[in-house]
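**Student:** One-letter residues, chain by chain:
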Amino acid sequence: MAWDPEKDVIEVIRGPKEAGGAGGLYRAFGETLRGLKTTFGQLRMGVDTIQYPEEKIPVYPRFRGRHQLHRFEDSGLEKCVGCSLCAAACPSDCIRVVAAENTPEHRVSAGERYAAVYEINLSRCIFCGYCEVACPFDAITMGHDFELSDANRSDLIFTKEMLLAEPIERTPLRAEGE
Amino acid sequence: MNLNVPFALVGYIEPWWMVIIKSVVFALIGLQLVPVVLMMERKILGRFQNRYGPNRVGLYGAMTPIADIIKLLSKEPFRPKTAIGWLFELAPILSITAAFGALALVPYGPVVDIFGTATGLYGIDVSIGPLYVFAFGAISFYSVMLGGWASGSKYSFLGSMRAAAQLISYEVPQGMALIGVIITAQTMSLTGIVEAQRGMWYIVPQFFGFIVFMVASFAETNRPPFDLMEADAELTGGYNTEFGGSKFTLYFFAEYLNMIVVSGIATALFLGGWLLPFGIHPPNWLDPFIVIGKMLAFVTFFIWIRATLPRLRYDQLMSLGWKVLLPLATLNALITAIIVVAN
Numbered sequence: 001m002a003w004d005p006e007k008d009v010i011e012v013i014r015g016p017k018e019a020g021g022a023g024g025l026y027r028a029f030g031e032t033l034r035g036l037k038t039t040f041g042q043l044r045m046g047v048d049t050i051q052y053p054e055e056k057i058p059v060y061p062r063f064r065g066r067h068q069l070h071r072f073e074d075s076g077l078e079k080c081v082g083c084s085l086c087a088a089a090c091p092s093d094c095i096r097v098v099a100a101e102n103t104p105e106h107r108v109s110a111g112e113r114y115a116a117v118y119e120i121n122l123s124r125c126i127f128c129g130y131c132e133v134a135c136p137f138d139a140i141t142m143g144h145d146f147e148l149s150d151a152n153r154s155d156l157i158f159t160k161e162m163l164l165a166e167p168i169e170r171t172p173l174r175a176e177g178e
Numbered sequence: 001m002n003l004n005v006p007f008a009l010v011g012y013i014e015p016w017w018m019v020i021i022k023s024v025v026f027a028l029i030g031l032q033l034v035p036v037v038l039m040m041e042r043k044i045l046g047r048f049q050n051r052y053g054p055n056r057v058g059l060y061g062a063m064t065p066i067a068d069i070i071k072l073l074s075k076e077p078f079r080p081k082t083a084i085g086w087l088f089e090l091a092p093i094l095s096i097t098a099a100f101g102a103l104a105l106v107p108y109g110p111v112v113d114i115f116g117t118a119t120g121l122y123g124i125d126v127s128i129g130p131l132y133v134f135a136f137g138a139i140s141f142y143s144v145m146l147g148g149w150a151s152g153s154k155y156s157f158l159g160s161m162r163a164a165a166q167l168i169s170y171e172v173p174q175g176m177a178l179i180g181v182i183i184t185a186q187t188m189s190l191t192g193i194v195e196a197q198r199g200m201w202y203i204v205p206q207f208f209g210f211i212v213f214m215v216a217s218f219a220e221t222n223r224p225p226f227d228l229m230e231a232d233a234e235l236t237g238g239y240n241t242e243f244g245g246s247k248f249t250l251y252f253f254a255e256y257l258n259m260i261v262v263s264g265i266a267t268a269l270f271l272g273g274w275l276l277p278f279g280i281h282p283p284n285w286l287d288p289f290i291v292i293g294k295m296l297a298f299v300t301f302f303i304w305i306r307a308t309l310p311r312l313r314y315d316q317l318m319s320l321g322w323k324v325l326l327p328l329a330t331l332n333a334l335i336t337a338i339i340v341v342a343n
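Going down the list, the sequences are from chains A and B. Quick note on the numbering used here: the first sequence kicks off at 1 and runs consecutively. Quick note on the numbering used here: the second sequence kicks off at 1 and runs consecutively.
Keep in mind the hints are simulated off the structure, nothing from the lab. Wrong hints could be hidden among the right ones.
Stated by the list, open to error - A short, non-exhaustive set of chain B residues, derived as facing chain A with CB atoms under 10 Å: (1) 44; (2) 48; (3) 211; (4) 320; (5) 324.
Claimed, not checked - Calculated cross-link-like contacts (lysine-lysine; reagent style DSSO-like; alpha-carbon spacing at most 27 Å): (6) B:81 <-> B:154; (7) B:43 <-> B:75; (8) B:75 <-> B:154; (9) A:79 <-> A:160; (10) A:37 <-> B:43; (11) A:56 <-> B:43.
Keep in mind that this is a model prediction, so the values were computed, not measured. By construction, the Cβ of each residue, glycine as well, lies at the ideal position given by its N, Cα and C atoms.
Let's have the full structure, built from the sequences with the hints guiding it.
**Tutor:** Okay, structure coming up:
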């Protein structure tokens, strides 16, 4: 059978057909009614809003929120040994560590040295989690707290005491598999 | 009909003190309806978009309009260097005046007995009803045009030019749509038209008239999908770009008042005013509530349309007005006239 060029003609429809006349009027009216039906369907679907301050979306376990410093549970010594690797890894340069030597009378951490000053400037932090990855002792981890706004910038510089303190439970955590 | 009476009043004229009292009362009713409509719009629009709408101020956000108005009224008055001062001050006042003027026409009920004085539950009942409404509608557009022009900014000017063209395109079909009603009712008094609807609301025999009137009303009250004169996406607010604080409040109130007035007029002309269908005859004191209920239902439809249709392109607006609405309204008037004469 010979090739019929007529069969390969592709009809391209760009937009609706020419409007106007009674057909156009009818179509415009019908389309408006269809639109009204669609919006009414949205009305019946109910509300998707989460009333934020009263109601919060639980965060995932690996959510990267405000940092926390940790202690050993048995001895109560700080895990941080003041190695400054987190400060070196930090891309936005917001961690400041000043190390000091542990002495037998004044033992703060389990290692040879400890962090005498440990400050994170949260107004600079980009919450990338590199500090957590760089830390050889898992002394610093990213917590779940994300409500960090404050009235002035200096209040956003978190000191070692603030980072070591138990975080206020204000962020719901998603259960396993939720 | 006695043509020597000023304003060509028809029906009953109350004593002068009752006229003053009822004009104050109806103006206050109009003012009270504005926040209700405002809140309805924001709440219902929210539901259409799967959200709650404002719900923080007061119970379920009921106090939001008051917070809005306090915010607007306490703003600093300002005006551009290029503005024409006195026109810039006058235009918003003209806009709210026209809206209140048209509000006087909305009939809430027939003549009733209030503490021994027979009182009509309407601001004024004139023998030229719809013409009066059109006159004030034109003045409210005039205030929009003046405001846009007096602002001395190009966006405002574009908005006011659009307003002028839109007024001309949509007043004509709106008027034509009413001719059918007037021919059927054989009167132009709004209370007379309502009384003529006993047995059958005009939305049924004048369905096309109703559709045309409604579409033209969206354009007249400057509501989506015909809000080209303030099209915020392209004109940053159109005629009210340069207005702020109390002047903007006046424009804002006038827009919502116009919406209420148009709903009231549509209720009187097409939806049977204070009459109920199926032979239900409620007590007389319910009449104003029935009218307000129908008005709010019509406003809800306004909001539904706003949630549905996108803003028209300018040439589409023009071709809809002249090529569709005007012939439809004319045909409707013509056919109605033929039927009325044939009977």
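**Student:** Each hint should be assessed against the structure and marked as holding or not.
**Tutor:** Verification of the hints:
no.: 1; hint: 44; result: holds (8 Å)
no.: 2; hint: 48; result: holds (5 Å)
no.: 3; hint: 211; result: holds (8 Å)
no.: 4; hint: 320; result: holds (8 Å)
no.: 5; hint: 324; result: holds (6 Å)
no.: 6; hint: B:81 <-> B:154; result: holds (13 Å)
no.: 7; hint: B:43 <-> B:75; result: holds (25 Å)
no.: 8; hint: B:75 <-> B:154; result: holds (24 Å)
no.: 9; hint: A:79 <-> A:160; result: holds (12 Å)
no.: 10; hint: A:37 <-> B:43; result: holds (19 Å)
no.: 11; hint: A:56 <-> B:43; result: holds (23 Å)
No hint from the list above goes unmet by this structure.
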